[in-house]
Amino acid sequence: MDKPKLKLAVYWGAACGGCCVSVLDVHEALFTVLEHADLVFWPIALDIKYKDVEAMPDGHIDLTLFNGAVRNSENEHIAKLLRKKSKILVAYGSCAHMGGIPGLANLTIKAKIFKRAYFESESTINPDNVLPQTHYKVTEGELELPKFYNDVRPLDQVVDVDYYLPGCPPQTERLVEVFLAIVTGAQLPPKGSVIGVKEKSLCEECERKKTENKLIKKFNRPWQIQDDGETCFLEQGVICMGPATRSGCGWRCIKGNAPCRGCYGPTSEAKDPGAKMMSAIGTMIDAKEPEEINQIIEQIEDPAGTFYRFSLPGSMLRRKICKNT
Amino acid sequence: MKERIDPNLYNDLEKFGIDVGNWNECYHCGNCTATCPLTEKGSLFPRKEIRFLQLGLKNELATSAEPWLCYYCGDCSKKCPRDANPGELMMSLRRYLTSIYDWTGLAKRIYTSKIFEIATILVISLIVMVLYLNFTFFPSGEGAWTGNDGGVLINKIAPWKRIHFGDWLMAGTLAFFLITNIFNMWLNIIVKDKSVKVPFIAYFTEVFSVVINFFTQKRFNKCDNDNKPYWVIHLFLMLSYVMLFTMIVFFLQWFQTDSVHPVWHPQRLLGYISTIGLFVGIIYFINNRIKKAKENSKYSHYTDWTFLVMLFLTTLTGILLHFFRINGMAQATYITYLIHLMCLVPMLTIEVPFSKWSHLAYRPFAIYFANVKKSALKKQVKL
Amino acid sequence: MEEKRIGVYICWCGTNISLMVDVETVAKEMAKLPNVVISKDYKYVCSDPGQDIIIKDIKEHNLNRIVVASCSPRMHELTFRKTLVKAGLNPYYFEMANIREQDSWVHTDRVEATKKAKALIAAAINRVSFHEALDSRSVEINPATFIIGGGISGLSAALEIADSGKKVFLIERSGRMGGHVADFDLTFPYMYSAQQMITPLIQRVKSHQNIELFLNSEIKEIFGYIGNFESTIHSKDGKETAVKFGNVIIATGLKTFDPSNIENYGYGKLPDVITSFEFEKMLLNGIIKTKDGKEPKNIAIIHCVGSRNKNYHEYCSRTCCMTALKYANQIRCELPKANIFDIYADMRSFGKGCEEFYTLSSRRNIKFLMFDQENDLPKIVSANSGDNCDMLIEINEKLTGKTIEVPADMVILMVGMEARENAKEIAHAVGISMCGNSFYIERHPKLDPVATTTNGVYIAGGCQAPKEIPDSVAQAKAAAARILATIAKGSVEVEVTTACVNEDFCCGCQTCIKVCPYTAISFDAEKKVSVVNEVLCKGCGTCGSGCPTGAIKCKHFTDMQILSQIEGIMKISHLELQEA
Amino acid sequence: MSYKPTIVAFLCNWCSYTGADLAGTSRIKYAPNIRVIRIMCSGRVDPTFVLKSLREGADGVLICGCHPGDCHYHEGNYKCLRRYHLLQKYIQQMGIPKDRLRLEWISASEGKQFAQLVDEFTESVAKLGKSEIRQVMETLT
Amino acid sequence: MSEKKLTAVFFCDTRNGQTDTVDIPAIAEYVKKIPDVAVIWDSKTFPTSYINKIVRKIKSGNIKRIVIAGDMPGLVKNTFTKAMYLCGNNPKDVILASFKEYGAVTKADTECAKAITACSVLGIPFELAAVPDENPGHPETLVIGGGIAGIQASLEIADSGNKVYLVERTGTIGGHMAMFDKTFPTLDCAACILTPKMVEVGQHQNIELMTYCEVKNISGEPGNYKVKILKKARFVNLATCIGCGICVEKCPTLVPSEFDSKTTMRKAVYIPFPQAVPNKYLIDAENCRYVKEKKCGVCVKACPVNLCINLEEKDEEVEITVGNIIVATGFKIFDAAKMEQYGYGKFPNVVTSLEFERLVNASGPTEGKIKLKTQNKKGNWLFTKEGKEPQSIALIHCIGSRDIHYNKYCSRVCCMYSLKLAHLVKEKLPESQVYEFFIDMRAFGKGYEEFYKRIEHEGVHIIRGRTAQIEEKDGQLLLRSEDMLNDDILEQKIDMAILAVGLEPREDADAISKMLGISRTEDGWFMEANSNSDTVTTSKGGISIAGVCQGPKDIPDAVAQASAAAARVIQSIITGKVKKSIKNLQLENIESKAKQLSNVI
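Chains as they are written, first to last, in the numbering used here: chain H, 1 to 325; chain X, 326 to 708; chain Y, 709 to 1288; chain G, 1289 to 1429; chain C, 1430 to 2030.
Here chain H stands alone, though its shape is the one from the complex (with noise of 0.2 angstroms):
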């Protein structure tokens, strides 16, 4: 054992702290790792300022998990520090990955998130509409906050990452095999590689009964089905983006009767893993006429929210056109 230990960090961006939690569930096996790595900055878990990361030279640490997206000058500021600290940079669940479910505010503004969050929510009392501010003068000085973006950005649309471990959260097993694989030195994958998945999308796995039958005469939501756990949420009538997603979950949701919504995104030979359902859904759909394919469209009422759950930053079109954005 004389080759030196591994430094690691963890850092969340715009993320809901799951995929630190993930690490977290990596239980026992954390003991393993931390006989071959020391964590050099983790911020849920460890009290390392950002001045000793910026303290560290260039290439530093040896691998990053950054989860979450990048919502705020924080982020960014973060993300491009640990890029220039790092040998290997991982995009870490899919906040990081394509945006996740924060990405989905993408569909607004920032000028309409303030809005809904300091005035209009029902929780909020904020009687001198007071809003957040990157400037702040207290008698202590000038306090200075990081600038909420309008946008919220995959990581790769910051910084340029090596790997992609997509989840929400990720599998902890996926996340175990990547360390192991990382401190035995094995061959690691291309740049730019997803990893922690399967090259196939979910339905490889997924052992619900699949035929070709797949024509859609009404879209349903799960609650409107009597779901007899066994037949394929498509031929039911049921969105499941599971054709469109990469495996490697071990289809947690559709175990649990739920339709897969996509986190793990696409494999890697679709771009834009929400057009890819739509196409395979607009083949699904039973009708010829304008007025009827209209009909049963009409029952997807949120598209966007449907097939870029948890892409939509890191989609084609990446947001809503908003006036004044």
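Don't take each hint at face value.
Stated by the list, open to error - List of simulated lysine to any residue pairs, SDA-like, C-alpha gap at most 20 angstroms:
no., chain 1, residue 1, chain 2, residue 2
1, Y, K928, G, G1357
2, G, K1377, H, T139
3, Y, K1018, G, K1400
4, X, K519, Y, E1113
5, Y, K963, Y, F985
6, Y, K1018, C, R1883
7, H, K288, Y, Y1226
What the hints contain is simulated information worked out from the structure, not anything from laboratory work. Bear in mind that the values here come from a model prediction, so they are computed numbers and not experimental data.
Model the placement of chains X, Y, G and C on the given structure of chain H, informed by the hints.
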């Protein structure tokens, strides 16, 4: 206005023509009309006439002046891509129209029956003979018959007054027929054509042009250049004819004298010139028709021949008459005089109102009416 | 990965392109794009010397991708692919930019047209980088031929092939062969007997050892591909026969126009207004008579019924003029004294001996009237008692400019030809295209009038466009020639640009299976992946876009190729924006 | 000067591309803003292509296929039609005017109609002005 | 077996002005002997215009069948069908024995005519009875003529894997089509669609291309023809010529270019046109100064390839053996100078359509710009780029066609190509006035009528009326034509007149027909075996015809016909047999076959 197609018209008209090709073959390329140097807007022929014929639009044909405006240079027939012979159609149409204008129906019979024509000529000749024998002094006076009393005394045998009376009688009758026929022509060409309303003044303004055309036949001259000698000879013939006609009908007293004038005397000079004009012309036309040299002489209807032959005989007997007379051959003169009349009278009676001669009158009038119509149309357009 | 070395050739096409596109500048600018090694402009790239330049450059500069910007790829893509082969490159390392039909010929602003050309060429350059080597494949040809339609075209083609000793399946929807020709009495312009012409053909077909005849039969669909088609023949008596064959000739012919909709003619209302085909029957039966059994004194023939008129069909039916003349002659024989009126628009007597026939007819006292088939149809009305005829036709006669009344006791409408009502089904069953008039589209209107865009399927006779007997026969035999050539060779090359499934990505969702119109995709239950039968696949690419995982690749139309093409187009547009 | 849009068009090989070629051989003039991408069938049009075009800054996207019932590959155009409607809904949700995307049927004989369509579409896209996405991309932090 | 029916045979008048016709009395004599023939009716004494009299004759003779024999018996058929109907007989028992239908035309064909009549009398289709023997066939094929028809036929056969000799008189294949600018109605550029085919021919491993060669003599039997081919001295070695064109630069002799319809000049050493196949130079012996006078020879010195140009080369003759021959010799255009009224040859700007085709072509004398001719220093009128643009152009249809004085037939393509030229003028000179003078607009093919309408909407003045004459007036051309649909006569001043010349058989058609032993129609086109069901084979076995040499036709029809001719050839190659000529058949053979069949049927 709707017009009913008359499929039989073609057969009717065929009787006026010569069996040379088939007007039904025309496929209306318009080459003939465009070739014709005489066509102009408002008077397009011969294609349109073929069309009227093919479709049996009798009224259209009867009311058109165009056949008279054609002088048969024959270019249209020569260049016709289907050998439909439009030139000959125009010729046949002139015959047809003559029969249309003629209210007596004689023209139709003459043009459609060879036998009828010859029979009429013979009958008239005989009538002339009988009349001559009854009303002249011949052969009552022995001397007159032999010319013993010194020279040829034509006025004794056939006193000019009586002959003149016959002249006038015949001229009047023929003029009556001719004029009524021309009236008919006017009715057809102008009155029946509802598309144009002719103001009265137009009849006066156009008179002059017709007179000029009559004496120069400049329209004929506009026809093909190849036809120059044709035009000259025809003009000369026509003028000669008119001259002789005038002398006989109006100045017989002066023309038919018992004394022989010197050669330079205008009476003789005019007579000679006219006779030469007539004779040369007739020989030229007969020769043309025999040789079928030109498009317009290729096909001869029997009425064409009758006209030429009768005119020829009349002229020939006239010349012989003169020859015998100046040579004092009284007996021969008198007989020739009779024969001359026997040729001349039927020639005029048949030809003038009912047959080929009539073109002398119809042509200028057709031009006249056409011009009148044209000027009327111009005014209409201006309005 | 190999280094991409792209050669770009921009064609002047004489002045066709160069007048509207600044080809020299374009060539210079394209040279600056990444991977472009050579960029040239040339007067006629398609010419022999033009192709020689490409070959020479490939060898000298070690090019491995070629882009030609010239006419439509529909015109010359094959030519240049062959050029690449000659130079030792895979033919699919080639891309064409259409800067003539879709640029220089349709625009008037030289600056814009040049910009567009740049974008299209840049797109092609981008695309060609992603091109992959594809290998041509050949399949064996089943020597049997399937012919649909037992009219004169079908019979001629069948005999031509069968006489070569090759098997023919001939199916005919009705119970008898000979089609329309069997209903004809005489043929124009030489007035030969149609019956005597068609009878030996039918007899020979019936007794031919190589021809298997299916009367009263139809097919629903043809499966397979060139050389290896199969289908089931459904006979009206319920029998079904499965057949396999290598080529198909469609000779379904056409049907006659139904003139009931033309109000002016009163067809269906006036008893003695009949169509040409009804009249033909009268001739065959030897007697021309009106519905009350009288001998008609006046017979009118009206041309262009349903043809050359935008309310019905804009096209000319090609045969009616001469057929009308034929009738006129036949009527003249039967009724020497009758009045015959032929009401035409343009007399189209264009074939060998036809103009002479027209001349001959015009000598037989037939009245020709010209009408305006486009805007001013004649009107047929019942006559009054005094008119001495049954009907009157009121027509604005064009050559006199007069309105004319034509008496008629019988009116023959020269009905035009139109596609059969089931033309579309057959087109679908076989997989060929139709033009706006529902006639089948030939592969090339000039140089390939018998083939279709579907390999192994040929069209002959009236189903391609109205045509007369000699031309139908010639076309049928031309189709036979094409088939005999492939049979003689024994094999034929098939579609290369098919779809294929990347088993590494296919998750087995089976979305694609119903997408394929040719049932070329099936599910391999063992491997749990979809499989494309590449000989059945015609390369439409619908499955490729329908596959949610991206496992199906449409060869030569891959996602990457098209996406890069889009990038290429937009790159130039952006550049220009920046410049502006 | 009015805005000169860039339009990406996907034309099926059999009908619409041929129709566009016909417009060319017939020398029917139309607006030069269109950039044609040839595909074998309108059914090959993957929504990805459309979104990619928009993403790259195309001001308009035109899809043309054979008329319903005339598809060279039987029903590819119907599949395109369904995807088109779904896509329309999505892009509208994403704030892109629906007029930027259009699906039309052009047959091989409709050269003239193709030219008219291009002119009309170009005009309507020009009215919408510069692509919103391009504007956004330019302002994205 | 049906009961025997008494038959009458009626002979039509077949002379029709011709002297060399089948011997009717001899046929009548022969037919009389056939059992069941009750009576022979002679057209001279027979009352064809009185159907009632015929009825009486039928009834009195108890006639049940009538055979009408003659060149075009169909012309009188219905008289008899009606008579039969009126007698209560079956009108279908009126049978035609059309001599011409099966090629019995001249006195020499009398035996054939007898057989035709006999078959009709026996009720057996002639085609079934007259089946000629077969010879074993040689698998190689000769195609004479390298126009589009020859090209198509050659490719078709070569694609089936069989050897084809394609013999072409000029230095390149391509024929007239290569000279055209665009093709109607799709307006494809002719060269664009033709050159790939030409290239294919040039490169096809099964085609031996013999350009600048002529067929001199043909002997042998169907299936085994010995063909002597004259290889005219080309003086340039096909194998070594690199097509650099230096010789052309140096050559001092200028002659009018045949390819450009003599609107441009070429040198004595030349390639016919840039896309020629083979793309190699050749020297025109008639104009080369060295060949004529043994002077010059600069090309030899200039040529960079050793021994490539050999001015001493002599014509050679080679002999090949083939089983089948396809004749695709094409046509020549009508000599417009014959119609003096249009002043072709007198007025410089009266041009033929083919000259105009070259003028509008981008590779033509003005690079495709439409210009009037200008006079050069020598006084010759030429097309140059400096010429003035015409403001008004007239196209005159039917030049030499549909005219009893020239060619009676319709040339079939002129209407459409004139419309096409009108379109090209309008496209290049939108402001110009284009007049088109037609008689009947023959827009009959697929898409043609639509094209016609389109040209009309483009503003071309389409006038019904044949132009009568063109004169020169005030330096302009003055044309006179009736505008019959507007009831007017047009005297139109124009700058240029394009004469839509018709198509004629080539000068050597007669020689070729004699050499091959195939017959020609009155108009001089090669005669097909059957005008309806077999337009590609000839009366001589193993010889087929394709393209315009059979009669005027447009490109698709010529192509289809060429393929059809190829079908016949491929069929004979596959079966290894070539049918002998029908004319080789003895009358007895046909007779016995017919009897045999009549027993069966």
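A quick look at each hint next to the structure:
1. Y:K928 / G:G1357: 16 angstroms, holds
2. G:K1377 / H:T139: Judged against 20 angstroms, a Cα distance of about 52 angstroms means the pair is violated.
3. Y:K1018 / G:K1400: Given pair K1018 (chain Y), K1400 (chain G) holds - Cα atoms ~16 angstroms apart, limit 20 angstroms.
4. X:K519 / Y:E1113: This hinted pair holds, its Cα atoms lying about 19 angstroms apart.
5. Y:K963 / Y:F985: Roughly 11 angstroms separates the two Cα atoms, so the pair holds.
6. Y:K1018 / C:R1883: 13 angstroms, holds
7. H:K288 / Y:Y1226: 19 angstroms, holds
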